[in-house]
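Residues in the sequence shown are numbered consecutively from 8, following this note's numbering.
Simulated from the structure, these hints should not be mistaken for laboratory data.
It cannot be assumed that every hint is accurate.
30 Å max Cα-Cα, derived DSS-like pairs, lysine-lysine [as the list claims (entries may be wrong)]:
no., residue 1, residue 2
1, 721, 252
2, 141, 252
3, 721, 320
4, 828, 843
5, 829, 737
6, 843, 737
7, 257, 843
8, 737, 721
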Amino acid sequence: MVLRQHRTSQWTRLLAKAVFLQTVAVSVSHAIGPNEFAPSASTAKDIASQDITSTIIDDSRLAQLDLDSYSSDNEAGLDLYLDVTLNQTSSGLVHFVYREDQLWTSVDVLQQLGFILPPDIMEPIALDSLPDIKVDYNARQQTLSIIAPLSLLNLDTTIRNTRSNQRPQPTASPGMLLNYNIYSSQTQNNAKNLSAFTELRAFSALGVLSSTALTTATYSTGNSNSNNDKDWDGRTVRLDTNWSKSFPDKLLTVRAGDILTGALSWTRSTRLGGLQLGTNFDLQPYMATTPLPSFFGSATLPSAVELYVNGLKQYSGDVPIGPFELQTAPSFSGAGDAQLIVTDALGQSTTLEFSLYDAHRLLQPGLSNWSVELGAVRENYGNKSFDYGNNIAASGTWRYGISNRFTAETHAEVTNGLSNAGIGGTWLLGRAGGVLFASLAGSESQGQNGAQYSTSYTWNNSRFNIGASATGTKGTYRDVGSQYGSAPARRSEQISTGYSTQSLGSFGMSYNQVSLTDQETTQFASAYWSRSFGQRLSLSANLNQDLNDSANSSASIGASFSLDRNVSMNSSIQHTDERDVFVADISHSAPNSGGINWRAQARHIIDNSLDSNSSRSDSNDGLAELSYLGRYGRVQAGVSVNDDSYATYASGTGSLVMMGGGVFPTRQINSGFAVVSTDGIANVPVLLQNSPIGTTNSRGLLLVSPLNAYQSNKIGINPMDLPADLRIDKVNIEATPTDRAGTLVNFAITPVRSASIILIDSSNQPLPLGSQVRQLTNMAVPPTIIGFDGEVYLDTLDEHNVLETINPSGDICTVSFDYYKKGDEIPLIGPLICQKVQN
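Whole structure, please, built from the sequences with the hints as guidance.
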């Protein structure tokens, strides 16, 4: 231990004397009553004339407070209360005893400071008996600085979580919308086709009710036996109708009607007509569901930490002394390297290296994801509107995060004559070992048993990836979907790998094998290569080989070239045993804000299937189309040509919203949105995330879409573009709509009659500064004060106004006037003579 003591100076002695005198004076003032001693004037004079030094404590008494020397005979020592800093962190006032040129204290005090002590240590404890610590005792300032190794300290671990789980309160206002997607085509022989996909949706705080339908119609020439040689044939099929209600605080969504059962990687979804209840992580999009990588370290002194993952900074902040844990959500997937740089208060830096693997398939420890469904199986979906099975089916799915490296899952199904259940798990193999998955399921159907196994392994980093998976069944394995459709595949295996380089591009290979029930096993192998040359040119090549039938194999090469003004060119050559296809394409894409898109394509096909005795039959086709994306939706028209025949087509997509007292045509809406109201004020500029989005219509309304559901969307108005006679309550509001619903955002904007008024007296002099003005025609308005040059600003005027003024001397005068305004500026009225009121 190193103990440094700073000696006291002469001013410390004087300060001690002054403190002692003050203590004595206070004690005397309390000991003597106010009437016990009242010196006369002469006595006071005598006291004042005495030598002041006779009232000061002598040096022998002061020596008892001298901090520079202590008597070795004083076994008790001197009690001190020192301002302690431990590893440059304040610990407050701590009691010590100074004796034999050492600082002594108790076990309790050291344990409160955080020291780890042996259980049999004797008290009191001298600080210099603790190993490897540095002590700086400043007797002049009564401070003590201790630097101790972390091995001697028992400090709590500081946890820094870099991702906060914001939970804004979502709202849904009553309204309805109609999404539509209409497509029509006409061939050269006048055959016509028309189809329309529509969604009718109603929403409020009670939930969302949605119904989708598909309408088709064909128009063709009739046969000669028909009385009508032309006829339309049309039909409409209902697709899905359901109601849903979400509870964001509980991460819960309830859905009734046409539903899809929950599924895992080794199970199949089934369409039911019934009820579904389950977890919905989309209700809290700011919440991290996968395990957060933890980075551990320790700081002897208060330090700054910086975290870099794959060379990119992810976090920077401060940590106190002691061990710390940094939890962060990295912006990458797969294997990576992390560096944690710890810089202490002295500027010394330490770098800690970590290897890590981010697996999105895992859940945080203790987090559940589940769903249960009950209903009848939907049959002939897309062909019949109301076709449900006679038997009731139940399904349940559950995933649970057991640890940062293991997530368990299970699934079960049951219906009349069938039961199915299985378990599975996902393992993270070490910090960079990849992700392993395995599952096992069994079924019993009409006395026949079966089993299904599934396993997969994946590993990837920024350059290399590899994956392998296999699924197979034994016996008669069935699920609910098997009773109304095909059985699960008998066997399925896939393996793939890829590698990316900066100079040679990206390479990859894969192998797939699928064996369906009562069908021949299919086997495919493929390989690909791609590379970009600068920011404009990219090349690619693909090879697909059918290992059972080489006639189904194909090879292709392609090139893509980007030009200025969002124009791109693409070309490709594809070869099979039956034909060669040459394609050239040029297109222009407009930004998301809207504009004109166009595309032109030409294809030349060489037929290779003919023998040497047949004539070659080549063909040419192409298309040209033009589309426009606007505020109210997208429209498209085009023509396709195939040798001597042609066909034309057109389509349109959009939405019609009724909400907030207005009807709005807009682009198709599949997420949240908002209707902005400015209390009937037209032409108000509206901003979304500080970017202009539009202006309110003649009724003071504007539809803003799309918005992120269950997230904060900043909607504002620009007050600088508004007339000066408007009172605005707020200029920014955080809008949080629910999923597939709208919320009403109301900006309180009130037109006011405002004016600056100049008031003068009968002598044409401005009324005095500070005079009080009151509106007699509107007594609810509080009085205001006249400023310089007799000018006063009022923003609650009527068409006719009477003002009463009281000047600082108490004189009262009145004035009446009519309000008038020209233009958008605040008018200046006056000078007006204020007539004095006679008392």
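Hint numbers the structure violates, sorted upward?
2, 6, 7
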